[in-house]
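J.: Residue strings, one per chain:
2 protein chains.
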Amino acid sequence: MEAVGAGVTGVKAGDRVYVGGTLSGAYAELSLCDQTQVHPLPANVSFAQGAAMNVPYATAYHALVHRAAGEAGETVFVHGASGGVGIAAVQLARARGLTVIGTAGTERGRRLVLEQGAHHVLDHTATGYLEELMRLTGGRGVDVVLEMLANVNLQKDLGIVAMRGRIAVIGNRGTVEINARLAMNKNAAILGVALFHATPPQVVGIHAALVEGLSNGTLRPVIALELPLVQAPRAHEAVMEAGHHGKIVLIP
Amino acid sequence: MEAVGAGVTGVKAGDRVYVGGTLSGAYAELSLCDQTQVHPLPANVSFAQGAAMNVPYATAYHALVHRAAGEAGETVFVHGASGGVGIAAVQLARARGLTVIGTAGTERGRRLVLEQGAHHVLDHTATGYLEELMRLTGGRGVDVVLEMLANVNLQKDLGIVAMRGRIAVIGNRGTVEINARLAMNKNAAILGVALFHATPPQVVGIHAALVEGLSNGTLRPVIALELPLVQAPRAHEAVMEAGHHGKIVLIP
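So the protein lines, in turn, are chains A and B.
Just so we're aligned: 1 in numbering that gives the first Met the number 0 is position 2 of the first sequence, and the numbers increase by one with no gaps anywhere.
Just so we're aligned: 31 in numbering that gives the first Met the number 0 is position 32 of the second sequence, and the numbers increase by one with no gaps anywhere.
Rather than coming from a laboratory, the hints here were simulated on the basis of the structure.
Fair warning: there could be bad hints in the mix.
What the hints assert, rightly or not - Computed spacing ranges between beta-carbons, pair by pair:
1. B/Ser-45 with A/Glu-211: 53 to 61 Å
2. B/Glu-131 with A/Gln-154: 26 to 34 Å
3. B/Gly-127 with A/Leu-113: 51 to 59 Å
4. B/Phe-195 with A/His-243: 42 to 50 Å
5. A/Gly-158 with B/Thr-198: 16 to 24 Å
6. B/Gly-137 with A/Gly-158: 33 to 41 Å
7. A/Tyr-26 with B/Gly-158: 29 to 37 Å
What the hints assert, rightly or not - Lysine to aspartate or glutamate pairs mimicking EDC-like chemistry, simulated, CA-CA at most 20 Å apart:
8. B/Lys-11 with B/Glu-211
9. B/Lys-155 with A/Glu-176
10. A/Lys-155 with B/Glu-176
11. A/Lys-155 with A/Glu-114
12. A/Lys-185 with A/Glu-130
13. B/Lys-185 with B/Glu-70
Beta carbons: idealized from backbone N, C-alpha and C, even for Gly.
Just chain A, same shape as in the assembly (with noise of 0.2 Å):
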């Protein structure tokens, strides 16, 4: 969108800008928001691609760099990286200099994976893939794991976590049994994520980087779908729906 008034962080009317969350809601025209909330965005990112900015890079971001401190030269497995923020981590922890193993569950988000910058994917549904990782790391197991459903794999996650790995779980969706001791014996930490959370000064540095790497064509945000702003009924039916790779963006 373009920015109405002017703030304090550099953006002038007119300027062309995502949005970090709003005060007045985002399914509209025009919205609301304090100037913290603004930023630019670079002539050759997308207004849809700009929409699609705030939770899922946001997200990827604050798990990857915040939580889990994850730093170049490391290996990071993106458990669930043909999603929203899976991509978005597979790019920033590509850009950083990480090493990247992704999974997904189907054929096409495999190769989007790799398209997205993993060096491997593997697949989550058939048996053995864990080996199959451990075989990547020669043994040694993965630095950060970037876990999109904890309720299946956190278990699974302490198993094939290297010797002092962080495990940041960005999604989850019910109880999981797990160890205690594999964490132990590796002095491995599970770290919970959550963007709403993170401290303003957090929020200023997870905007500045996405700027800075939509700017330098490592962030692409993928768009599956473009809908205008009246079938936004539509698109909540599109967004449970299998093999979207990408986000849905509505056009106002």
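Keeping the supplied structure of chain A fixed, place chain B upon it in accordance with the hints.
T.: This is chain B only, laid out in the frame that chain A set:
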């Protein structure tokens, strides 16, 4: 014990020392140590107390400081505070300026926990003790949990940590069912702790801090029982019996 040889760490032959591990074993009149394992024992501390330092105090320090990053002004809940690591954690956390809440299952244990510096003590066998904990923190919860029995308490701990709280798992004896959503909702962390995996620089830091704490009197290892080395088999029985608060030390 007394050092026989000198080391680069400033210990001279004849100095009083304690050891953080040995090369040749500690059930002995003499032990061979790497020089990095030998630390000065201040004059105000007995040899028996020196023998009680390494595993409990070093573990408590690694958990509280390196893993959970407990800071002055925060609240720490020592879930199981009357054992060796628990007592060490209470003394360490109190000296660093944290508000300390401990638990013990017996009246004698609770008295000990208060004597060692806890601001509050709770009975973890009493119904409603976690509601009492929440009242003590004004409903906010605790910043750090040092957990001695994760298989029983981990899910409960997720309920009583504050926003951005850290649960350091020091002890565990089986599996536990958790809902990772609780960790997500608070950006909370579950941190496995094994002293064995502290890095060499961390080990240096641990003993620098412990020697200073012994010297200034804030760390005072509690000795439950001293037995002659020849009675080592009896010591192994005693350590499994209930009701020993403090360490059992073999005297060569």
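J.: Indicate, hint by hint, whether the structure satisfies it.
T.: Hints, one by one, checked against the model:
1. B/Ser-45 with A/Glu-211: 53 to 61 Å: 59 Å, holds
2. B/Glu-131 with A/Gln-154: 26 to 34 Å: This hint holds: roughly 32 Å between Cβ atoms.
3. B/Gly-127 with A/Leu-113: 51 to 59 Å: 54 Å, holds
4. B/Phe-195 with A/His-243: 42 to 50 Å: Roughly 46 Å apart at Cβ, these two residues keep to the hinted range, so it holds.
5. A/Gly-158 with B/Thr-198: 16 to 24 Å: 23 Å, holds
6. B/Gly-137 with A/Gly-158: 33 to 41 Å: At roughly 39 Å between Cβ atoms, A/Gly-158 and B/Gly-137 fall inside 33 to 41 Å, so the hint holds.
7. A/Tyr-26 with B/Gly-158: 29 to 37 Å: At roughly 35 Å between Cβ atoms, B/Gly-158 and A/Tyr-26 fall inside 29 to 37 Å, so the hint holds.
8. B/Lys-11 with B/Glu-211: OK: B/Lys-11 and B/Glu-211 at ~18 Å, within 20 Å.
9. B/Lys-155 with A/Glu-176: Distance of about 14 Å is within 20 Å: holds.
10. A/Lys-155 with B/Glu-176: Satisfied, since the Cα-Cα distance of roughly 14 Å is no more than 20 Å.
11. A/Lys-155 with A/Glu-114: Cα-Cα ~26 Å, so violated.
12. A/Lys-185 with A/Glu-130: It holds: about 18 Å lies between the C-alpha atoms, which stays within 20 Å.
13. B/Lys-185 with B/Glu-70: With Cα atoms ~18 Å apart, B/Lys-185 and B/Glu-70 stay inside 20 Å; holds.
When held up to the earlier numbered hints, the structure conflicts with hint 11 and nothing else.
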